[in-house]
Amino acid sequence: MKPTDTSNYQHFLKVVDCQHACPAHTPVPEYIRLIAEKRYTDAYMINWQSNVFPGILGRVCDRPCEPACRRGRVEEKPVAICRLKRVAADYKEDINRYIPTTPKQKNGKRIALIGAGPASLTVARDLLPHGYDVVLYERDDKAGGMMRSQIPAFRLPETVLDEELSYILNMGVEAHFGEEISSLKNLIDSNFDAIFIGTGAPQGRWLSIKGHDKNKGEIDTGINWLSSVTFDHTTSAPKRVVVLGGGNTAMDCCRTAKRLGAEEVTVLVRSSFEAMKASPWEKEDAQAEGIEIKPNYTPLEYVFEEDKFKGVLFERVESIYDATGNRTLKETGETLLVECDQVLVAVGQDTAFPWIERDIGLRFNKWGQPALNKATLQSTIENVFFGGDAAFGPENIISAVANGHQAAISMDLFCQNKNAETERPESGFNLISQKMGIHEWSFQSKISQDKRKNVPHIEWEQAIKELNTEVELGFDEKLALEEAHRCLNCDVHTVFTESTCIECSACEDVCPMDCINFVEVDEKQKTSTEQQIKSQLRVQEINPNQDLLVSDKLKTGHLMIKDEDVCLHCGLCAERCPTGAWDMKKLTLDNIGATIK
Amino acid sequence: MSFEKSKFHHPRLAVNDLGLTYRDYEGSLSTLCAGCGHDAISSAVVQACYELSIEPHKVAKMSGIGCSSKSPTYFLNKAHGFNSVHGRMPSVATGANLANRDLTYIGMSGDGDSASIGMGQFAHVVRRQLDMLYMVANNGVYGLTKGQLAATSDKGAKNKAGEQSLFTDIDLCVMALQLGATFVARSFSGDKKQLVPLIKAALSHQGFAFIDIVSPCVTFNNQPTSTRSYDYVHEHVTTAAIADYVPVKKEITSEVADGESEDICLHDGSLMRIHKLDKKYQTTDAMQAIVDIERHKKQGEILTGLFYLEPTCSHFHEMNNTNDTPLNKLNQDALCPGSRVLTGINNSFR
Ligand SMILES: Cc1cc2nc3c(=O)[nH]c(=O)nc-3n(C[C@H](O)[C@H](O)[C@H](O)COP(=O)(O)OP(=O)(O)OC[C@H]3O[C@@H](n4cnc5c(N)ncnc54)[C@H](O)[C@@H]3O)c2cc1C
Ligand SMILES: Cc1ncc(C[n+]2csc(CCOP(=O)(O)OP(=O)(O)O)c2C)c(N)n1
Ligand code: SF4
Ligand code: SF4
Ligand code: SF4
Ligand SMILES: [Mg+2]
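As given, the protein sequences belong to chains A and B, one line each in that order.
For what it's worth, our numbering labels the leading residue of the first sequence as 1, then goes sequentially.
For what it's worth, our numbering labels the leading residue of the second sequence as 1, then goes sequentially.
These are computed hints drawn from the structure, not numbers from a lab.
Please note that the accuracy of each hint is not assured.
Stated by the list, open to error - Here are the simulated DSS-like pairs of lysine-lysine, each with C-alpha atoms no more than 25 Å apart in a straight line:
| # | chain 1 | residue 1 | chain 2 | residue 2 |
| --- | --- | --- | --- | --- |
| 1 | B | 5 | B | 78 |
| 2 | B | 280 | B | 193 |
| 3 | A | 534 | A | 14 |
| 4 | B | 279 | A | 524 |
| 5 | B | 193 | A | 534 |
| 6 | A | 453 | B | 193 |
| 7 | B | 7 | A | 446 |
| 8 | A | 453 | B | 5 |
| 9 | A | 555 | B | 280 |
| 10 | B | 7 | A | 478 |
| 11 | A | 435 | B | 297 |
| 12 | A | 451 | B | 7 |
| 13 | A | 185 | A | 374 |
| 14 | A | 585 | B | 5 |
| 15 | A | 555 | B | 193 |
| 16 | B | 158 | A | 446 |
| 17 | A | 534 | A | 553 |
| 18 | B | 279 | B | 297 |
| 19 | A | 555 | B | 297 |
| 20 | B | 193 | A | 553 |
| 21 | B | 7 | A | 585 |
| 22 | A | 435 | B | 78 |
| 23 | A | 555 | B | 160 |
| 24 | A | 524 | B | 193 |
| 25 | B | 193 | A | 526 |
| 26 | A | 77 | B | 193 |
Model the full assembly from the supplied sequences, consistent with the hints where possible.
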């Protein structure tokens, strides 16, 4: 086992679990600290820089950061990172003056973006300040993609969406709304220097079970139906609605149906309740609104009686897991007819590229997805790039944003005649000491023992009556500050210097989490140094995915090993070290886009 | 500013037979200088008491004056404690032990506290064979009063102010051996692999157990002219034997690979296991131990480890044939039986 390489940022970024888990590597602890200082505008701009849509994401992000949050490993629940992002958006001042300006003098390169979802808009935002002419084609009348057409207003108000889209559109995008691209070949022929395809995964999956062909409108895909609600084509729901599927689309369908007047809304899903794809908070909210979720039912047939739709016939199944965690469904033979007036099928969506000619050199893989270079998002036509759901199938907004940054770097390199893969920039980094005096740090090192704060919401009875009223109210300032103090400042790293350590063990003794170990390794022994190190840890590590910080040899030949996984970043090790061998240093990255790999 | 230790602990932290983690044995967060050896001793005491599953409220922490004597505040928050006058810990510990023999007594002293002002007290508590663990945190200076040379400091060594030690040093282990201590060891605060088992063995020893612990004073005696600095000790330390306590039901595997081990069976069936790093060393011969200590000192080495153990000794209560029930548990009538009994006693002398 080699000493940890601290000459680049990789080890340090991985320690900041939330930031590392965020596809766009948003500097989470940094913005939470700014919120704790009530610097909401600064907190917003830090977000805006990396995730582009803080007000939107502060409401509806999939939050891969939260399950990763270290706080969830040292106590019950992670920091409410997403809700704090919304706090920054809610309490910021006018930010227009901080939006980068687009140069009058253009760089002479023209870029086409297809689709006005989060992926394309991120590319636009990143490239406009560099002087690119950005031309956007969107078949809908407004920008936003599925953030507008699919995500219901009771989760994401239109005003929030419009505000954040306008920051980008007003930077100087040449937008063509209501214009569908029906031939990639024609677009390529229009002499754009580079083209970005961010057309999403717009096709809802149907279930081809018995009775499907008799459908006269009683059965619809969830995403068709949701967009027809958004665009006011559907304004009411029948009395009894069945939703098939267990993901977030299913949750949005059932909650929307309830608001449109359906009295009995039932979600039936093949998996167990726990294994449902929907986020836990979506399931909780749906149940709070009086929606019944029936797990372990697989649909067999749409039942019609003399051509009149009656309902859906299900069979109860059991989920059986093998040793490797793979699930198989065991049929029980037990059936259930759920009578209803409308079925919404929310069992998945796919990309659709009928408008891409198959003879122009753009290769598709065996799943019908474009063949892409993962590092550059470049297709087999060198000036055509993909991102968002169009690239890898349905994901989420923050992944679309991350792809947007990645593609923007590639397109910029390509347009400057550089190799998008081999000449990619790497982010510089800095580790800055936070020491201000004895027992004094520039961050709040005292660990709050508070439990996670619940976000206030409107009454559930009111919620189910109002289609466009946002359910969550967001944190008030008091709750926001208390929640912000739960953050462990994981970006303030414990940095160790071998040469000054006198091996007094003060740090090892004081550490509340038993992170610090001084171990002896014998290279002559048969067992590997890694095994020797791991067997000597004070407490066996929980999460081997979080690397150990391994020092070089100390004066006595011993090694300092720090288990980064459960460190509270409380700074006690650095406070108790007599020689300053430990210091608390904040990681800063100069080019976050370049850290997205 | 933070100076507070979080109550969070490692989710995998083990518990002992009482269901307690080692964190339950901690004291207040230390206010000693960062890096003081005494803090490492406190943490070794915490670990030893945790491993032995001692009930914290059945311990009495006794000390005098000095940084070392402040240390009991930093371990076993739930134990009883008494910070006595400078050098007088042995008398107070004797009184406490007489009143309640059911507690485990941990005395924490310094080289100033024991080898200067408390020298007489130290000598007599050894002679008395009080059932206790007596630890001296030996840093060669009076830390609390800013680094004057202590009587244990090696002749010729200089403190931070440049003052040289002109007189012969006192070796408290040698003294303890001469005065009949039945468990004598020396250790180093920077070596918990050795210190923790020694403390466990000493706590399990029924009789007077003495451990002199070299414990660098980072602030006033960690300079290159010191023979008690971290660097000097790391370079000059050598170990003879380590004792460990093996409870009746547990079989432990030794962490010390070299040498050989020797088990001494105690009356309750548990074992005192002596790991000898060098099989030449005897732990049953006090005179030989003195010779070994002095020989290493001449070679410029600090000999550590268990020097002497007499497992079947008798202690103060046995020697004095005192009451089995602690005095504090006897009722008024038994303790003070009144003039009728006194008259009887007086008459017996007539
Ligand atoms: C019901 C539902 C709820 C969701 N909820 C969440 C959530 O809470 N949080 C979350 O993070 N994600 C959520 N998602 C997923 C998220 O909306 C998408 O992952 C994200 O919007 C993808 O962004 P994108 O830029 O790749 O494409 P999209 O947002 O899909 O945008 C693509 C755009 O391209 C346009 N377009 C397509 N083809 C053409 C063409 N040929 N010419 C011109 N324009 C075209 C489309 O009209 C659309 O506007 C949800 C999805 C659904 C279906
Ligand atoms: C009766 C009395 N005399 C002198 C002092 C001053 N004094 C306080 S601590 C101390 C020396 C402590 O040295 P040591 O026991 O070695 O403890 P250390 O601080 O080195 O751990 C002295 C002389 C005192 N407190 N009381
Ligand atoms: S900051 Fe230092 S003392 Fe605090 S938990 Fe991390 S390693 Fe331990
Ligand atoms: S406290 Fe500092 S000097 Fe002491 S062991 Fe830890 S890192 Fe080394
Ligand atoms: S003065 Fe010396 S003995 Fe006292 S706390 Fe500081 S380092 Fe320890
Ligand atoms: Mg001293």
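key: Pair hint residue 280 of chain B and residue 193 of chain B, alpha-carbon separation not exceeding 25 Å   = holds, 22 Å
key: Pairwise hint evaluation, residue 5 of chain B against residue 453 of chain A, where the allowed Cα distance is 25 Å at most   = holds, 23 Å
inquiry  = Tell me if the straight-line CA distance from residue 534 of chain A to residue 14 of chain A falls inside 25 Å.
reply    = With a Cα-Cα distance of about 20 Å, the restraint between residue 534 of chain A and residue 14 of chain A holds, given a limit of 25 Å.
query = Under the criterion that the straight-line Cα-Cα distance not exceed 25 Å, is the pair residue 279 of chain B, residue 524 of chain A satisfied?
reply = holds, 24 Å
ask   = Hey, residue 158 of chain B versus residue 446 of chain A, does the alpha-carbon distance stay inside 25 Å?
value = This hinted pair is violated, its Cα atoms lying about 40 Å apart.
Pairwise hint evaluation, residue 534 of chain A against residue 193 of chain B, where the allowed Cα distance is 25 Å at most = holds, 17 Å
message = Hinted pair, alpha-carbon criterion (25 Å max): residue 7 of chain B, residue 446 of chain A. Please report holds or violated.
response = holds, 11 Å
key: Straight-line alpha-carbon gap residue 279 of chain B to residue 297 of chain B, limit 25 Å   = holds, 20 Å
inquiry  = For residue 555 of chain A and residue 193 of chain B, compute the direct alpha-carbon distance and say whether it is at most 25 Å.
reply    = holds, 18 Å
query = When you check the alpha-carbon spacing of residue 534 of chain A and residue 553 of chain A, does it fall within 25 Å?
reply = Distance ~16 Å between residue 534 of chain A and residue 553 of chain A Cα, so the pair holds.
message = Just to be careful, I want the Cα atoms of residue 453 of chain A and residue 193 of chain B compared with a cutoff of 25 Å; is the pair within it?
response = violated, 43 Å
message = Check the hint pairing residue 7 of chain B with residue 585 of chain A against an upper bound of 25 Å on the C-alpha distance.
response = holds, 23 Å
Checked against the numbered hints given earlier, the structure breaks hints 6, 9, 11, 16, 22 and 26 and satisfies all the rest.
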